[in-house]
Amino acid sequence: MTEASADEQTILVVEDEVLIRMAIAAYLRECGFKVIEAANADEALCVLQQSDLTVDVLFSDIEMPGSLDGFGLAKWVRQHMADVEVILAGTPKRSADAAAELCESGPLLSKPYEPEALLDEIHRLLAVRASRK
Amino acid sequence: MLATVDKEPLERIGRRSAVLLVEDEILLRFALADEIRAAGFVVVEAVNADEALEVLQGPIPIRLLITDVRMPGLIDGLGLAEKVREDWPEVKIVIVSGHLSGAAGARADAFFAKPFDTTALIARVRELLGDND
Chain A
239 MTEASADEQT ILVVEDEVLI RMAIAAYLRE CGFKVIEAAN ADEALCVLQQ
289 SDLTVDVLFS DIEMPGSLDG FGLAKWVRQH MADVEVILAG TPKRSADAAA
339 ELCESGPLLS KPYEPEALLD EIHRLLAVRA SRK
Chain B
100 MLATVDKEPL ERIGRRSAVL LVEDEILLRF ALADEIRAAG FVVVEAVNAD
150 EALEVLQGPI PIRLLITDVR MPGLIDGLGL AEKVREDWPE VKIVIVSGHL
200 SGAAGARADA FFAKPFDTTA LIARVRELLG DND
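So the sequences go chain by chain: A and B. For the first sequence, position 36 (counting from the first letter as 1) is numbered 274 according to the numbering used here, and the numbering increases by one without interruption. For the second sequence, position 119 (counting from the first letter as 1) is numbered 218 according to the numbering used here, and the numbering increases by one without interruption.
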């Protein structure tokens with residue numbers, strides 16, 4: 239189930255609907271990741287700007303209340319923390335082209351998404367990143 | 100939305116004591132949730148009373164609530180504690196407050212004034228939940 243890992247990878251999950259956030263965070267923890275939960279982009283930025291916290295993957299909803307949506311958050315991460323992998327989730331029709339620009343190597347998951355698909359993408363992105371180092 | 104909320108991790112969680120932590124300051128919430136998880140508990144995070152109530156009405160059986168008093172939204176921590184007492188009387192309640200006097204009169208199983216000793220809080224949580232984990 240969960241592999242003990244000295245370098246536990248950290249996923250920042252950004253989702254304003256608490257039951258969804260709770261379920262996906264629980265699932266990813268069960269899969270062995272450290273998960274930090276944020277309810278919106280402001281909380282996410284607070285976490286990302288903490289120097290003593292390392293985020294490996296940002297997984298964010300697109301439509302969120304607050305000053306930034308998922309796109310804005312992804313853009314900020316691309317500009318300031320290029321090492322962080324980005325996965326966005328949203329409604330496909332509206333989001334596809336803009337998302338492709340933002341995450342050339344990362345995917346857009348269309349909602350509703352399967353948790354296993356998310357897990358596969360996270361593993362893939364982390365493997366690609368590891369092979370670049 | 101998730102296509103299917105993965106039931107397995109949620110069912111595993113359901114057999115263990117779940118603690119609901121309500122705190123609107125992300126870094127405090129994350130740090131405390133992390134420590135309580137390290138102590139062996141399942142922690143569900145909520146940023147305000149609305150989220151907390153959604154969780155309580157959701158699929159995870161919550162056995163203990165830890166709530167800050169000051170929170171954004173229509174109900175503060177004291178209002179939440181009152182509602183939980185009425186609708187979920189079996190849930191243990193721990194109130195955390197910047198000023199204990201602000202929490203005077205609230206019916207709770209424990210009060211901790213900020214800044215609090217996390218070890219002491221976790222010990223009290225353990226006590227309140229008994230040994231059935």
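No lab work stands behind these hints: they were computed from the structure. Do not rely on the hints blindly, as some may be mistaken.
[To be verified] Computed, partial: chain A to chain B, Cβ under 10 Å:
#, residue
1, 278
2, 310
3, 358
4, 359
5, 362
6, 364
7, 365
[Stated by the list, open to error] Listing some non-contacts, in silico: residues in chain A with all C-beta distances to chain B over 12 Å:
#, residue
8, 267
9, 275
10, 281
11, 285
12, 288
13, 305
14, 307
15, 313
16, 320
17, 322
18, 361
19, 367
20, 370
Each residue gets a CB set at the ideal place from its N, CA and C atoms; glycine is no exception.
Evaluated hints:
1. Interface restraint check: residue 278 (chain A) against chain B, minimum CB-CB distance 8 Å, threshold 10 Å, status holds.
2. A least Cβ separation of about 17 Å between residue 310 (chain A) and chain B goes past the 10 Å threshold, and the interface hint is therefore violated.
3. Evaluation of the residue 358 (chain A) hint against chain B yields a violated restraint, the C-beta minimum of about 14 Å exceeding 10 Å.
4. Given the 10 Å rule on beta carbons, the hint for residue 359 (chain A) is violated: about 15 Å separates it from the nearest Cβ of chain B.
5. At its closest, the beta carbon of residue 362 (chain A) sits 19 Å from a beta carbon of chain B; the interface hint therefore is violated under the 10 Å criterion.
6. Because the smallest distance between the Cβ of residue 364 (chain A) and any Cβ of chain B comes to about 20 Å, over 10 Å, the interface hint for this residue is violated.
7. A cut of 10 Å between beta carbons decides the hint on residue 365 (chain A): the least distance to chain B is about 22 Å, and the hint is violated.
8. With a cut of 12 Å on Cβ distances, residue 267 (chain A) falls inside the contact zone with chain B, its closest approach being about 8 Å.
9. A beta-carbon of chain B comes within 12 Å of the beta-carbon of residue 275 (chain A); the shortest separation is about 5 Å.
10. For residue 281 (chain A), the non-interface assignment is contradicted: its Cβ lies about 4 Å from the closest Cβ of chain B, within the 12 Å cut-off.
11. A Cβ of chain B approaches the Cβ of residue 285 (chain A) within 12 Å, the least distance being about 6 Å, so the stated non-interface status is violated.
12. Under the 12 Å C-beta cut-off, the non-interface status given to residue 288 (chain A) relative to chain B is violated; the minimum distance is some 7 Å.
13. In this structure residue 305 (chain A) is separated from chain B by more than 12 Å, as the shortest Cβ-Cβ distance comes to about 14 Å.
14. At roughly 17 Å, the least C-beta separation between residue 307 (chain A) and chain B is larger than 12 Å, which holds for a residue marked as non-interface.
15. Every CB of chain B lies more than 12 Å from the CB of residue 313 (chain A), the least distance being 20 Å, so the non-interface label holds.
16. Under the 12 Å C-beta cut-off, the non-interface status given to residue 320 (chain A) relative to chain B holds; the minimum distance is some 23 Å.
17. Its beta-carbon lying about 17 Å from the closest one in chain B, residue 322 (chain A) satisfies the requirement of being farther than 12 Å from that chain.
18. Distance check for residue 361 (chain A) against chain B: the nearest CB is about 16 Å away, which clears 12 Å, and the non-interface claim stands.
19. No beta-carbon of chain B comes within 12 Å of the beta-carbon of residue 367 (chain A); the shortest separation is about 23 Å.
20. The claim that residue 370 (chain A) is not at the interface with chain B holds, since no C-beta of that chain comes within 12 Å of its own (minimum 28 Å).
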